[in-house]
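Engineer: The residues making up each chain are set out below.
2 protein chains.
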Amino acid sequence: MKVVITGGAGFLGRRLSRRLLERGRLTAPSGTSEPIDEIVLFDVGESPEAISADGVAVRTITGDIGDRDTVFGLIDRDDVSVFHLASVVSGGGEKDFDLAMRVNLDGGRHLLEAVRARDGKPRLVFASSLAVFGGAAMPTAVGDRTKQTPQTTYGITKTVLELLVNDYSRKGYLDGRSARLPTVIVRPGKPNAAASSFVSGVIREPLNGIDFALPVPETTSVAVLGYRAIVDGIVHLHELDGDRLGDDRAVGLPSLTVTVSEMIEALRRVVGTRRLGRIAVEPDPFIGNIVDTWPTVCLSERAGNLGFPSEENLDEIIRYFIEDYLEE
Amino acid sequence: MKVVITGGAGFLGRRLSRRLLERGRLTAPSGTSEPIDEIVLFDVGESPEAISADGVAVRTITGDIGDRDTVFGLIDRDDVSVFHLASVVSGGGEKDFDLAMRVNLDGGRHLLEAVRARDGKPRLVFASSLAVFGGAAMPTAVGDRTKQTPQTTYGITKTVLELLVNDYSRKGYLDGRSARLPTVIVRPGKPNAAASSFVSGVIREPLNGIDFALPVPETTSVAVLGYRAIVDGIVHLHELDGDRLGDDRAVGLPSLTVTVSEMIEALRRVVGTRRLGRIAVEPDPFIGNIVDTWPTVCLSERAGNLGFPSEENLDEIIRYFIEDYLEE
Numbered sequence: 032m033k034v035v036i037t038g039g040a041g042f043l044g045r046r047l048s049r050r051l052l053e054r055g056r057l058t059a060p061s062g063t064s065e066p067i068d069e070i071v072l073f074d075v076g077e078s079p080e081a082i083s084a085d086g087v088a089v090r091t092i093t094g095d096i097g098d099r100d101t102v103f104g105l106i107d108r109d110d111v112s113v114f115h116l117a118s119v120v121s122g123g124g125e126k127d128f129d130l131a132m133r134v135n136l137d138g139g140r141h142l143l144e145a146v147r148a149r150d151g152k153p154r155l156v157f158a159s160s161l162a163v164f165g166g167a168a169m170p171t172a173v174g175d176r177t178k179q180t181p182q183t184t185y186g187i188t189k190t191v192l193e194l195l196v197n198d199y200s201r202k203g204y205l206d207g208r209s210a211r212l213p214t215v216i217v218r219p220g221k222p223n224a225a226a227s228s229f230v231s232g233v234i235r236e237p238l239n240g241i242d243f244a245l246p247v248p249e250t251t252s253v254a255v256l257g258y259r260a261i262v263d264g265i266v267h268l269h270e271l272d273g274d275r276l277g278d279d280r281a282v283g284l285p286s287l288t289v290t291v292s293e294m295i296e297a298l299r300r301v302v303g304t305r306r307l308g309r310i311a312v313e314p315d316p317f318i319g320n321i322v323d324t325w326p327t328v329c330l331s332e333r334a335g336n337l338g339f340p341s342e343e344n345l346d347e348i349i350r351y352f353i354e355d356y357l358e359e
Numbered sequence: 032m033k034v035v036i037t038g039g040a041g042f043l044g045r046r047l048s049r050r051l052l053e054r055g056r057l058t059a060p061s062g063t064s065e066p067i068d069e070i071v072l073f074d075v076g077e078s079p080e081a082i083s084a085d086g087v088a089v090r091t092i093t094g095d096i097g098d099r100d101t102v103f104g105l106i107d108r109d110d111v112s113v114f115h116l117a118s119v120v121s122g123g124g125e126k127d128f129d130l131a132m133r134v135n136l137d138g139g140r141h142l143l144e145a146v147r148a149r150d151g152k153p154r155l156v157f158a159s160s161l162a163v164f165g166g167a168a169m170p171t172a173v174g175d176r177t178k179q180t181p182q183t184t185y186g187i188t189k190t191v192l193e194l195l196v197n198d199y200s201r202k203g204y205l206d207g208r209s210a211r212l213p214t215v216i217v218r219p220g221k222p223n224a225a226a227s228s229f230v231s232g233v234i235r236e237p238l239n240g241i242d243f244a245l246p247v248p249e250t251t252s253v254a255v256l257g258y259r260a261i262v263d264g265i266v267h268l269h270e271l272d273g274d275r276l277g278d279d280r281a282v283g284l285p286s287l288t289v290t291v292s293e294m295i296e297a298l299r300r301v302v303g304t305r306r307l308g309r310i311a312v313e314p315d316p317f318i319g320n321i322v323d324t325w326p327t328v329c330l331s332e333r334a335g336n337l338g339f340p341s342e343e344n345l346d347e348i349i350r351y352f353i354e355d356y357l358e359e
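Residue numbers (the numbering used here), protein chains in the order written: chain A, 32 to 359; chain B, 32 to 359.
Incorrect hints may appear among the rest.
The list makes no distinction among identical chains, and a pair is therefore deemed to hold if it is satisfied within one copy or across any two copies.
Here are the simulated lysine to aspartate or glutamate pairs, DMTMM-like style, with alpha carbons at most 25 Å apart [unchecked claim]: (1) K126 <-> D137; (2) K126 <-> D278; (3) K178 <-> D323; (4) K202 <-> D110; (5) K178 <-> D278; (6) K202 <-> D137; (7) K202 <-> D315; (8) K152 <-> E125; (9) K152 <-> D127; (10) K126 <-> D150; (11) K202 <-> E125; (12) K126 <-> E296; (13) K126 <-> D263; (14) K126 <-> E144; (15) K152 <-> D129; (16) K152 <-> E354; (17) K126 <-> E347.
Simulated from the structure, these hints should not be mistaken for lab results.
Work the whole structure out from these sequences, hints included.
Structural biologist: Okay, structure coming up:
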């Protein structure tokens with residue numbers, strides 16, 4: 032079967048494609064486990080690294096998800112599964128509303144329509160976000176039954192796609208599932224335009240010996256999960272029997288609620304003798320105002336009942352990052 | 032100032048335009064009360080009756096809300112207020128998904144963009160619906176903080192528009208408000224494609240001496256409100272100081288929870304000596320399945336705090352209908 036990963040050149044997209052190459056198989060629309068023979072990494076930019084495996088064609092396709100024909104061209108087989116990770120991120124969406132609407136909302140709709148046009152109800156996993164929650168009336172702890180009143184355009188578009196995934200699934204046009212992701216750590220590489228970029232940065236940059244300007248106070252709480260558990264959770268959601276999801280196809284992934292100072296403490300515990308860059312608080316109101324709208328405590332009873340994986344603690348997450356990216 | 036009512040040829044649109052002609056004024060984007068000098072009733076079909084008043088040009092414009100240029104042509108002044116009532120209804124949306132997406136979602140977005148393109152943040156009131164609620168996990172009583180997991184395409188598009196109205200308002204592109212309407216009774220004229228059509232029909236048809244086939248059991252509960260309170264509530268929402276709405280611009284209007292048999296009892300109480308058509312239960316699973324997804328008890332604490340009007344009881348609602356439509 033074919034796998035299409037939108038946002039495939041991004042960090043999660045590349046990790047997901049590697050995970051799928053390791054697995055080699057996915058549950059096909061027919062309900063049986065089938066070998067993957069083609070993976071397409073679709074993105075607005077080139078993938079920085081080639082990935083390949085015996086017998087599996089891995090192609091990178093560059094294009095605009097806001098262009099309907101481009102998206103329909105990607106979904107050219109009935110035995111296909113789609114992982115929809117492409118998105119304008121939170122900070123980017125606050126700076127360019129129209130781009131967020133075009134990529135996140137129009138692009139998402141093109142993808143749903145392209146999958147609907149195939150036979151046999153292909154599976155589609157959409158990467159949603161905790162940013163679907165927000166607002167003055169948001170409870171201290173959010174969960175799968177909390178009303179979604181996001182206070183960023185990013186969060187709005189994620190909520191809208193969750194709703195559309197539900198309705199396309201209810202109508203039998205496809206078999207959709209949405210994974211509500213907490214902040215993913217530890218992202219390698221450069222900082223990005225996401226308001227959450229600092230959550231990885233405060234671990235990654237000091238580990239690379241680089242001084243880091245923390246844009247929020249150390250007391251800031253965030254709901255995080257490591258990329259290994261996130262990628263495994265996305266695959267787990269794809270593989271679940273759809274009947275277990277019922278009429279609401281979105282599941283909040285598990286997360287750990289931690290303060291930035293707890294992250295820094297864990298970093299110091301794990302790092303051993305490695306010399307760390309310095310961390311200095313330099314408040315950035317643009318970032319702070321977005322982060323303040325996010326929930327910090329996320330109940331994940333549903334994910335627990337459905338067997339989603341989670342790391343044990345921050346130390347484990349940081350150790351994985353060192354193992355995967357610093358000890359090569 | 033100018034007023035644009037989408038769905039202006041519909042029952043609520045015509046009643047709203049008459050109410051606005053009576054008032055003669057609305058709060059303009061500037062925050063001051065200004066005289067209305069132009070009302071446009073925009074609809075896909077012609078208005079069945081002409082409405083006019085001294086000094087106010089009332090025009091009917093026929094067109095497709097799914098066409099961007101048409102919608103931009105309507106919003107041709109900065110001193111404008113928009114009442115967005117146009118919608119493919121619930122039963123219609125289940126039968127034609129693509130039309131519901133085009134009219135309710137694309138049309139709504141065109142309207143938000145057209146208002147955004149004006150200066151001074153015009154006010155826009157969007158008619159949402161209790162159909163935004165639904166699903167297996169819906170609580171017995173829904174309210175302004177209940178998660179929206181609608182189980183009709185109609186409800187999905189209404190929820191999406193509520194979210195977009197919130198975000199356009201947050202961004203300062205317009206001053207939007209959403210009124211979540213319960214089932215409006217008693218609609219005059221012919222039955223329509225709404226799954227809720229029977230709720231008016233069970234009163235209207237017998238009053239007109241016509242036998243009525245009730246498509247649901249008499250024990251069915253519905254949340255209803257009379258059209259006078261609905262129209263007054265829509266105007267009240269337009270006039271409210273936006274600061275009182277905060278970051279969630281949608282308000283559930285008050286409603287009365289009644290069973291169909293209570294409606295029939297009230298009808299018999301109010302009707303006096305008028306001869307009624309007979310009511311026979313003839314279950315229609317298409318209607319019943321949609322109605323089963325709707326909430327029946329709706330908390331309206333927020334509407335109460337904000338001073339929204341409500342009728343006292345069913346008897347009052349039925350008496351208004353007789354006064355407005357049967358005693359001419």
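Engineer: As a check of your reading, is K202 near E125 (CA-CA no more than 25 Å) within one copy, between copies, both or neither?
Structural biologist: between (33 Å within a copy, 9 Å between copies)
Engineer: How would you label the pair K126, D137 (within, between, both, or neither) given a Cα cut-off of 25 Å?
Structural biologist: For K126 and D137, the Cα distance is within 25 Å both inside one copy (18 Å) and across copies (23 Å).
Engineer: Is it within, between, both, or neither for K152 and E354, if the alpha carbons may be no more than 25 Å apart?
Structural biologist: neither (39 Å within a copy, 53 Å between copies)
Engineer: One pair to classify: K126 and E296, alpha carbons no more than 25 Å apart. Within, between, both, or neither?
Structural biologist: Answer is neither; intra-copy 33 Å and inter-copy 58 Å both fail.
Engineer: Within, between, both or neither: how does the pair K126, D150 come out at a Cα-Cα threshold of 25 Å?
Structural biologist: Classified as between: cross-chain Cα gap 20 Å, same-chain 39 Å, threshold 25 Å.
Engineer: At most 25 Å between CA atoms: does that hold for K126 and E347 within a copy, between copies, both, or neither?
Structural biologist: Answer is neither; intra-copy 35 Å and inter-copy 51 Å both fail.
Engineer: At most 25 Å between CA atoms: does that hold for K202 and D137 within a copy, between copies, both, or neither?
Structural biologist: both (20 Å within a copy, 19 Å between copies)
Engineer: At most 25 Å between C-alpha atoms: does K126 with D278 qualify within a copy, between copies, both, or neither?
Structural biologist: between (34 Å within a copy, 19 Å between copies)
Engineer: As a check of your reading, is K126 near E144 (CA-CA no more than 25 Å) within one copy, between copies, both or neither?
Structural biologist: between (28 Å within a copy, 17 Å between copies)
Engineer: My question is about K152 and D127: at a cut-off of 25 Å on alpha-carbon distance, are they close within one copy, between copies, both, or neither?
Structural biologist: Answer is between: at 19 Å across copies they meet the 25 Å cutoff, but 34 Å inside does not.
Engineer: Given a CA cutoff of 25 Å, do K152 and E125 count as a within-copy pair, a between-copy pair, both, or neither?
Structural biologist: between (34 Å within a copy, 19 Å between copies)
Engineer: Cα distance capped at 25 Å. Does K202 pair with D110 within a copy, between copies, both, or neither?
Structural biologist: Within one copy only: 19 Å inside, 42 Å across.
The structure does not agree with the numbered hints 12, 13, 16 and 17 stated previously, though it agrees with the rest.
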